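Visitor: Model the full assembly from the supplied sequences, consistent with the hints where possible.
Take the sequence shown: its letter number 107 is residue 107 in this note's numbering, and every next letter is one higher.
It should be emphasised that the hints constitute simulated quantities derived from the structure, not laboratory data.
Note that the structure is predicted; figures quoted are calculated from it, not measured.
Note that CB positions come from ideal geometry on N, CA and C, so glycine has one too.
Since no wrong hints were added, every one of them can be taken at face value.
List of simulated lysine-lysine pairs, DSS-like, C-alpha gap at most 30 Å:
| hint | residue 1 | residue 2 |
| --- | --- | --- |
| 1 | K8 | K109 |
| 2 | K8 | K18 |
| 3 | K96 | K56 |
| 4 | K29 | K42 |
| 5 | K42 | K56 |
| 6 | K18 | K97 |
| 7 | K109 | K15 |
| 8 | K49 | K18 |
| 9 | K97 | K8 |
| 10 | K49 | K29 |
| 11 | K42 | K109 |
| 12 | K42 | K96 |
| 13 | K97 | K15 |
FRET-style restraints, in silico, Cβ to Cβ:
| hint | residue 1 | residue 2 | range |
| --- | --- | --- | --- |
| 14 | P89 | Q16 | 21 to 29 Å |
| 15 | A84 | S57 | 33 to 41 Å |
| 16 | N112 | S37 | 19 to 27 Å |
| 17 | T77 | E54 | 30 to 38 Å |
| 18 | Y40 | P89 | 29 to 37 Å |
| 19 | K109 | Y40 | 16 to 24 Å |
| 20 | A98 | K15 | 15 to 23 Å |
| 21 | S37 | P89 | 34 to 42 Å |
| 22 | G113 | S39 | 24 to 32 Å |
| 23 | I36 | A70 | 13 to 21 Å |
| 24 | A98 | K49 | 25 to 33 Å |
| 25 | S39 | N2 | 14 to 22 Å |
| 26 | N95 | Q16 | 19 to 27 Å |
| 27 | E54 | K15 | 29 to 37 Å |
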Amino acid sequence: MNLSRLCKGVKPYCKQIKSQPAFVKGLLKAAGNSFISDSYAKQLYSGGKPFTDELKSGFGSADRTQELIAFFEGRITDVVGVIADFGIPEKADCNKKARCVALSRQMQKLINGRDEADDILAMNMKLRRQILVKK
1 MNLSRLCKGV KPYCKQIKSQ PAFVKGLLKA AGNSFISDSY AKQLYSGGKP
51 FTDELKSGFG SADRTQELIA FFEGRITDVV GVIADFGIPE KADCNKKARC
101 VALSRQMQKL INGRDEADDI LAMNMKLRRQ ILVKK
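Guide: Following this line, the structure appears as structure tokens:
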């Protein structure tokens, strides 16, 4: 998964955020970097520009987990839609907090890794299902 895919899977379910650049800038600000232009944010969203190491270096070393979780929780209006958009079948009773935690981990993986990162959201859902089956 890359930043563009993450944004395209979440932004449509954040009804109060009107533009792609506003979503990207809000996400990056929650992660600790608010120094990005609208045009670059739009290109990050579309996949026209990569999520470079230079941009990642602006995030610093502080743990921004709670800020990212709050960003996702406060803006996602349809968590079932987000999960479905990532191709993960889920029931309507899915836990929004758990999904927002998984999304924040995905974002952190993208910041701390290369432009492409393992799909934390899918792995989280698979692990959750295995736990539920064992119960």
